[in-house]
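Asks: Sequence:
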Amino acid sequence: ALDKMYSKCKPEKFFGDLRRFQRGSTDKGLTPNGITYEGVGVKKLSGASAGQSSTLPVFDIFLGIKHDEPEQGEKPGRVFEYLDDMRKHMPEEHQRFLKALKEQPKQPREYVKEKMKTKPEMAELFNSIVSEISKFRGKHI
Numbered sequence: 002a003l004d005k006m007y008s009k010c011k012p013e014k015f016f017g018d019l020r021r022f023q024r025g026s027t028d029k030g031l032t033p034n035g036i037t038y039e040g041v042g043v044k045k046l047s048g049a050s051a052g053q054s055s056t057l058p059v060f061d062i063f064l065g066i067k068h069d070e071p072e073q074g075e076k077p078g079r080v081f082e083y084l085d086d087m088r089k090h091m092p093e094e095h096q097r098f099l100k101a102l103k104e105q106p107k108q109p110r111e112y113v114k115e116k117m118k119t120k121p122e123m124a125e126l127f128n129s130i131v132s133e134i135s136k137f138r139g140k141h142i
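So that you can map any letter, position 2 of the sequence shown is 3 in the numbering used here, and since no number is skipped, the others follow by simple counting.
Read the hints as simulated data drawn from the structure, not as lab findings. Every residue gets a Cβ at the ideal spot worked out from N, C-alpha and C, and that includes glycine. Treat each hint with caution, since some may be false.
Taking CB as the label site, the calculated pair distances span [unchecked claim]: (1) P121 - G65: 14 to 24 Å; (2) C10 - R110: 13 to 23 Å; (3) V43 - F137: 33 to 43 Å.
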């Protein structure tokens, strides 16, 4: 589906003409100083992004996929910072769910590693899932 999208909507057209209306009130948006909401004050919001969905972060956590995640004491990468910022725009229940999922002592990736010893085909299946998600994310991030 993404390939069809790219053939009908060129990236320069999307980013140059359409995306600027979805940027929200950030430094790159149409209202870089934020929007004043009556009774609330000035807010700077990032605008629409699929990064605000909890769907792909669930897969990332389950499969152990990391995006520029810093090691202890390292500075986080741009992708990690962006995805981390997008989580702040998710409903609180989704944020709590992702946090609880990440804090589980045993992730599915560890389970697969254990089972690979007796069922080597699990590694191939697991890796094919990670590969397909990586392809999707590579085109979409």
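Asks: At the C-beta level, are P121 and G65 separated by a distance inside 14 to 24 Å?
Replies: 18 Å, holds
Asks: For V43 and F137, compare the CB-CB distance with the range 33 to 43 Å and indicate the outcome.
Replies: Cβ of V43 to Cβ of F137: about 36 Å, so the range 33 to 43 Å holds.
Asks: For the pair C10 and R110, does the Cβ-Cβ distance stay inside 13 to 23 Å?
Replies: 35 Å, violated
Consistency with the previously given hints fails for number 2 only.
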